[in-house]
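Colleague: These are the residues of each chain, in order.
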Amino acid sequence: MSEVTLKIDDKEVKAEKDMTVLDAIKSAGIDIPTLCYHPGLSPAGVCRLCSVEAIKQGRSRIVVSCSYPVEEGLVVNTKSPKVIEIRKMLLELMLARSPNVKVIQDLAKEYGIEKPRFRLEEEKCILCGLCQRVCEKIGQNVINFVGRGVGREVKTPYQISADANLDICMACGGCVSICPTGAMDDTFKESTMKKPIPIPSEFEMGLTSRKPIYVPFPQALPNIPTIDRSKCAHFVTDQCRICEEVCEPKAINFDQKEETVELEVGSIIIATGFKTFDPHMSPRYGYGIYPNVYTSLEVERLLNASGPTSGEVVLRNSGKPSSVGIIHCIGSRDENTNVYCSKVCCMYSLKLAHIIKERTGAEVYNFYTDIRTPGKGFEEFYNKILEEGVHFIRGKVGEVTDHAIDSTEEGKLVIRVEDTLMGVVRRIPVDMVVLAVGLEPQADAVELGKLLNIQCSSEGFFMERHPKMAPVETFTDGIFLAGACQGPKDIPDTIAQANAAAAQALALIDKGHVELEPNTAYVDEDLCSGCKVCIPLCPYSAISFDESKQKVEIQGVLCKGCGACVSACPSGALGQNLFELPQIMGEIKGITRVLPEVKT
Amino acid sequence: MTANPKTEQPKTKPKIALYWCASCGGCEEAVVDLGEDLLTILDLVDIVFWPVAMDFKRSDVEKMPDGSITVSLINGAVRTSEQKEMVELLRRKSQVIVAFGACACMGGIPALANLYDKNQLLKTAYLESPSTSNTEKVLPDVKGNKHPPVPHLHEVVRALDQVIDTDYYIPGCPPPPSIVKQAVLTLLKSPPEKGSVLAPDIALCEECPRIETKPDDLVLERFDRVHLKQVDPEKCFLTQGIPCMGIGTRKGCEALCIKGNMPCTGCFGPTNNVFDHGAKLLSAFASMLSQQDEEAVDRALSTIPDPTGSFYRYGLSKSLLRKRVRGGAT
Amino acid sequence: MTNAKDFEPKIVAFFCSWCTYIAADTAGVGRKKYPPNIRVVKLMCSGQLDPQYVIAALANGADGVLIGGCHPGTCHYSKGNYKALRMYKLLKRVLGDFGIEEGRIRLEWISASETNKLVKVVTDFVGQLKELGPLNWLGKLSFFDSELKEATA
Amino acid sequence: MSTNGKITIDPITRLEGHGRIEIFLDKKGNVKKAYFQVPEFRGFETFCLGRPAEEMPQITSRICGVCPTAHHMASTKALDDLYKVTPPSPAIKIRELMNSIFMVEDHALHVYILGGPDLIVGPTAPKEVRNVVGVIQKLGLDVGKRVIMTRKKLRELMTYLGGKVIHPVLGLPGGVTKGIKQEDLPKFKEAAEEAVSFATFTIDTVKSIILKDKKLLDLVKSDAYTHRTYYMGLVDEHNRLNFYDGLIRVVDPEGKEVTKFDVHKYIEEISEHVEPWSYMKFCYLKRVGWKGFVDGKNSGVYCVAPLARLNVSDAISTPLANAALKEYRETLGGTPVHFTLANHWARGVEMLYAAERMLELVNDPEITSADLRIIPSEKPSVGIGVVEAPRGTLIHHYETDDKGLLRKVNLIVATQNNAARIALSVEKAATSLIKGGKVNDGLLNMIEMAFRAYDPCHACGTHSIPGHILLKATVHDSDMNVVKVLES
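Chains as they are written, first to last, in my numbering: chain D, 1 to 600; chain H, 1001 to 1330; chain X, 2001 to 2153; chain V, 3001 to 3488.
Hints in this document: simulated from the structure, not taken from any laboratory.
Treat the numbers as computed from the prediction; the structure is a model and nothing was measured.
Worth double-checking, as some hints may not be accurate.
With a Cα cut of at most 30 Å, we get these calculated BS3-like pairs of lysine-lysine [what the hints assert, rightly or not]:
| no. | chain 1 | residue 1 | chain 2 | residue 2 |
| --- | --- | --- | --- | --- |
| 1 | V | LYS3027 | V | LYS3438 |
| 2 | H | LYS1063 | V | LYS3438 |
| 3 | H | LYS1118 | X | LYS2120 |
| 4 | D | LYS194 | D | LYS211 |
| 5 | V | LYS3187 | H | LYS1181 |
| 6 | H | LYS1214 | D | LYS560 |
| 7 | D | LYS468 | D | LYS275 |
| 8 | D | LYS250 | D | LYS189 |
| 9 | D | LYS194 | D | LYS275 |
| 10 | H | LYS1229 | X | LYS2092 |
| 11 | X | LYS2079 | D | LYS549 |
| 12 | H | LYS1123 | V | LYS3033 |
| 13 | H | LYS1143 | V | LYS3438 |
| 14 | H | LYS1123 | V | LYS3291 |
| 15 | H | LYS1118 | X | LYS2140 |
| 16 | D | LYS26 | X | LYS2140 |
Derived DEER-like restraints, expressed as beta-carbon distance ranges [what the hints assert, rightly or not]:
| no. | chain 1 | residue 1 | chain 2 | residue 2 | range |
| --- | --- | --- | --- | --- | --- |
| 17 | H | ASP1224 | D | LYS511 | 46 to 56 Å |
| 18 | H | LYS1194 | D | HIS466 | 43 to 53 Å |
| 19 | H | SER1178 | D | HIS466 | 52 to 62 Å |
| 20 | V | ALA3125 | H | LYS1194 | 38 to 48 Å |
| 21 | X | ASN2116 | D | ASP402 | 55 to 65 Å |
| 22 | D | ALA470 | X | ASN2116 | 19 to 29 Å |
| 23 | H | GLN1292 | D | GLU447 | 10 to 20 Å |
| 24 | D | LEU452 | X | LYS2032 | 48 to 58 Å |
Positions of the beta carbon are idealized from the N, C-alpha and C atoms, including for glycine.
All chains should be built: construct the whole structure from the sequences, respecting the hints.
Modeller: Right, here's the structure in full:
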């Protein structure tokens, strides 16, 4: 790609042959105003704000830099009086057309225009055509300019009735987001009868939205964007690719897909964690019915400095709460949902109570069944919260409702609860309800269990080999458990178990040998006739046929001692340590010994 | 054959008795089939009792002093009171009792009758048989006040050692000459430990000419019945999907049936480590299949039309259960 | 059936060490109650169950045999429970020929966590066997053996 | 020895079986009734139920280890019928060859070891020598060797074909499991030749012994061993002797054909009579009816095996045997021959026929063909098969479900056909030798001789009854007291 040299504002600038003058100007770090320009879209040259003076062989011309190609030896002036004159005029006209559009106002001010000399209009759209071009680029062509001269405006072609375009327009919102003046908000609605659908951010618990191309969460590792194929326009229309053009290092790769990577490993640590209880299951708490009923995890985001509200407690219907109710044991200790205690809710509820009070000064009520603080410093923390004046009401909440029975309850959420300490039913009006949801096994725990040949206990968490003696091991050698996948746990416990699991795995590696089952099968070679019945039965291919001896042999190292081969051996040539035939026969006779032994 | 001048000999010569109970006579034939070997053996012993071939009488046996017979070879299962008495008599008179042949060792084919009620056996034969005209419903009569009574028929067909103490076993239906000769010589030279089976303690596959044709990892979808399939005369029967009991049956017959191009039916009985022949065969056959869901399992197992008759063909008397009884309490 | 009420069936149980045996263990830890009629023989896997054991149990005086294995797809050794299933179904046919009722031998898939299922299974198996009454195989055989003492007709 | 004395003879030897005789006297001490009893029972007809039909050739061969091949053949033929398959002709020839070899071998066994000694060594000779050893002493050791060697050779051939000689595995519905390899054929031919000459030798021996000894011939012809009964046996389409296939022909005491029927009609022709004093059922001709243990035209009692077979055959298809047949008839005064002891001679004739058949078959070009099986395609239902066993007509009758599992089994077995006639012999012997309570000790000897002539196989006869006939004669007086027990 050959280069050309040109002079911009008395500066030597090198540029690629196929660049526009505007590209060259930008690459030279010189700033000139633009409105209709977008690096990802073809230049339109409609706003003409990028006009510059171009001097070629001594002859000077005013050109629109966004669409004028560079040339060897070209001389460009971006700030010559002539150029400034033209810009001023353009801006004055624009301001007259759209006096209330911020970008225009700002630019006009910059060029010292207070009040246009012309008749003012109330037009938002400046006909820059970005919306039309982006829509075209995305490949839909739903909107375009219609009419001429003063009648020109952005519409669906030939004003075809909105419904005709319903199926064409994906409501991707590209036009709306690119519009410099915000004119598109209304135009879009009118012309397509649609509303762009925001993509809720998973990480932010849907409290805010994200783009089709996004970084999953702050401090994500690796901290690079990913493309949501289900949402990205390119994967719908096979066009667009704007991001690709904008990305300077050219890091965008549309061909990248999810892939399955197979690894051979000596041991596996399962740390698949948990999922939180879905409060829709208990509608009486009003989750999904009243906007100001939140789950504990949502509130965690709200309170997070890098969260959607940068740590501010702002209700869905805006405004700070003056009273907050935190309801414990949602989906825990309840035969209708989960009978077990989720173990961490009490403590995190206390934490939420503390922060909310601190940030909002609101009255905070905790509705609890029992406060469980079995941990280092836990009880002390509880006492601290009590001193902070957080209210604690002992009793299972009956319902959350917006049905007010007096003025104090108007516009509030009312929590009905039987206060078991006072022995009365109380109604507590609050602005915000926080549901302390419990911990549940991952939905696919059972499948994973089957895959790894380990069992799930009745509540669905992975089962350890022994509740006391082997809390990290599983029934399958080399597979260990860490964290909440084995049962509800807080962070310290999780880390402790994770370390233990890691240590177990390392121990295997470090030892460099594995211990065998003692109950392996063996062959009595004098009895083996070489019938081979046993060979296909071994799930570990521990049995092989010795051609020279014409007998089978068992690799003690591979044998796991299931005994399938032993019971199948038709001539009793296979035996099994710890499970010898006479032993078991003896056991059976012993078991039935009150009767005389049968003589055969 | 004491009348043979060659065998006028010192008292020291061991005395042999042969007797038969509920049997077909095949075992007797087997002895006759020893041919010249029989003559060799006859040089070493006196046969003092052998109803099938020689004029010696029960009375002669009764006259003998107890324990005067060195070895009694008894074939056939014990089915009637009469046989019971006879074997008890021989037990008294003999130092060593040998169960000779499948019937004496394990009940043999007659023991299949243990799957049925005794009276059913009689009913079928004397009342229900299509060729029998028996309007007065006459049955053989063990009381016999008007007629001579017939001997008492036992409920259960028994192997010899279920009636008298038995020292050794010679398996086979019938025992092939090689086994018989070897066994008799062993007994005369160096009698092994009491209770021994006088045949190799290993399954038939070991000496089966077709074993090399069996793949290491044979898994079957179904079993086939031999009469419905062209049989490859070189290939392992199981490999062809045809049930063969050789996998769980003591060798020693030199795979005669296999050489006749038919699968083994198990007449040599189990090897020493096996408590219940049929159960072991059953276990092996269930293992050869691969089905997993119930329906498929049922379909596959239905290709074994008669598990009991196939796995316990010769061994019912010595099976742990021994005899069909109606369920529930007696 | 006769004397159903006053008869306590004796059940020999063969439990896989990875599932049903643990379930029985856990049931104990959880202090769950079930009839004391079962006597458990611990096996590594239901696929280890040799039909000789089942027959020996019945022949030696058990009134019923209960086999506990892992649910399909969860065998610790991948296929042992299927082998057990095939053996069990074939064995049932053979036992039938000996006059032993279907209901006296039972195969159940009981995972380590299904303590309640274990309790339920044992409880109603005991009920079922009470219905069927004693098997008393030894009694029957010795009854037959009495004919050995009879004199010749 | 006085009438109160007790003589014991037990068991009757040299026949496959066990038997007992009970004799009841009237006031005068003459025979009122003599019972011939078979005391045992196995119940094949029952315990075969539920078994797969294709197993029957092997299971039923266990009815008798002396003539397993006969049962095996009858059973296999029943299976052909059950599955409606006709085996390829080479397969049929292999079967008949097997059957013929067996006939020669089994008859030889009887002539030289089981029954023959009575004749060869002589009825008057002491018991101790009336056995194979006696035979060897009389005919010379080389004969003994030859007997043993020939039987050995023949049984080797049977082993070749049947896998096992005792309880062979040759037969399948629609064919046989195994044929003869070309390279092994010489062995068969040689053996066939040998068999023919051996049979010829045997027949000459028996004949010469009988003809040389007038007393013996008279004994054979004597009334004591004569019963004028009906006779039954298989014949081919020209009414010639046949062991493997054909129609069942019955002639009356005059030798006139009374019926010739396909085995499928056997139930219309043959019936079994039950006596409370024996486990053995007694066959009789349905059309004539059961008139008790009497002979003559009006009694349904009939006879099978060599004597009978020759009586129902007009001729024999093979030259030497046919010649032998003629001489046999001329010597014994034309057909039918009613002399029980003539069985021994007849057996010789049959042996020769079987040997000649062997020769014909091994020289048949088809005999080495590999076309040995047709796989059954029909659903099984009912199958009936018949062959001539050495000891007589043998019928297997099966009914199965459509999986081929047996639902009904009925067997009419060789010796059973003769049972009534054997009883006649017993009664005759008894009446002729017990007079006025005086029991002649020749009685049992005579009965034994008669017995052995039939070569009764009570393992067979009592397929429903295992094993043996202890022959033991007990004489009761009119008050049912035992006055005498004889055991031979």
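Colleague: For a C-alpha distance cap of 30 Å, please report whether LYS1229 of chain H and LYS2092 of chain X respect it.
Modeller: holds, 28 Å
Colleague: Can you tell me whether the CB distance of ASN2116 of chain X to ASP402 of chain D sits inside 55 to 65 Å?
Modeller: violated, 42 Å
Colleague: Quick one, are LYS3027 of chain V and LYS3438 of chain V close enough, alpha carbons at most 30 Å?
Modeller: holds, 13 Å
Colleague: Are the Cα atoms of LYS250 of chain D and LYS189 of chain D separated by 30 Å or less?
Modeller: violated, 35 Å
Colleague: LYS26 of chain D and LYS2140 of chain X: Cα distance at most 30 Å?
Modeller: violated, 106 Å
Colleague: Is the straight-line distance between the alpha-carbon of LYS1118 of chain H and that of LYS2140 of chain X 30 Å or less?
Modeller: holds, 15 Å
Colleague: For the pair we were handed, LYS2079 of chain X and LYS549 of chain D, check the Cα-Cα distance against 30 Å.
Modeller: holds, 29 Å
Colleague: Between the beta carbons of LYS1194 of chain H and HIS466 of chain D, is the distance compatible with 43 to 53 Å?
Modeller: The hinted range 43 to 53 Å holds for LYS1194 of chain H and HIS466 of chain D, with Cβ atoms some 49 Å apart.
Colleague: Are the Cα atoms of LYS194 of chain D and LYS211 of chain D separated by 30 Å or less?
Modeller: holds, 18 Å
Colleague: In this structure, is the beta-carbon distance linking GLN1292 of chain H and GLU447 of chain D contained in 10 to 20 Å?
Modeller: holds, 18 Å
Colleague: Verify the proposed pairing of LYS1214 of chain H with LYS560 of chain D, using a straight-line Cα cut of 30 Å.
Modeller: Holds, at roughly 26 Å.
Colleague: LYS1118 of chain H and LYS2120 of chain X were given as a pair; does the straight-line alpha-carbon distance stay at or below 30 Å?
Modeller: violated, 41 Å
Of the hints listed earlier, those the structure fails to meet are numbers 3, 8, 9, 16, 21, 24, in rising order.
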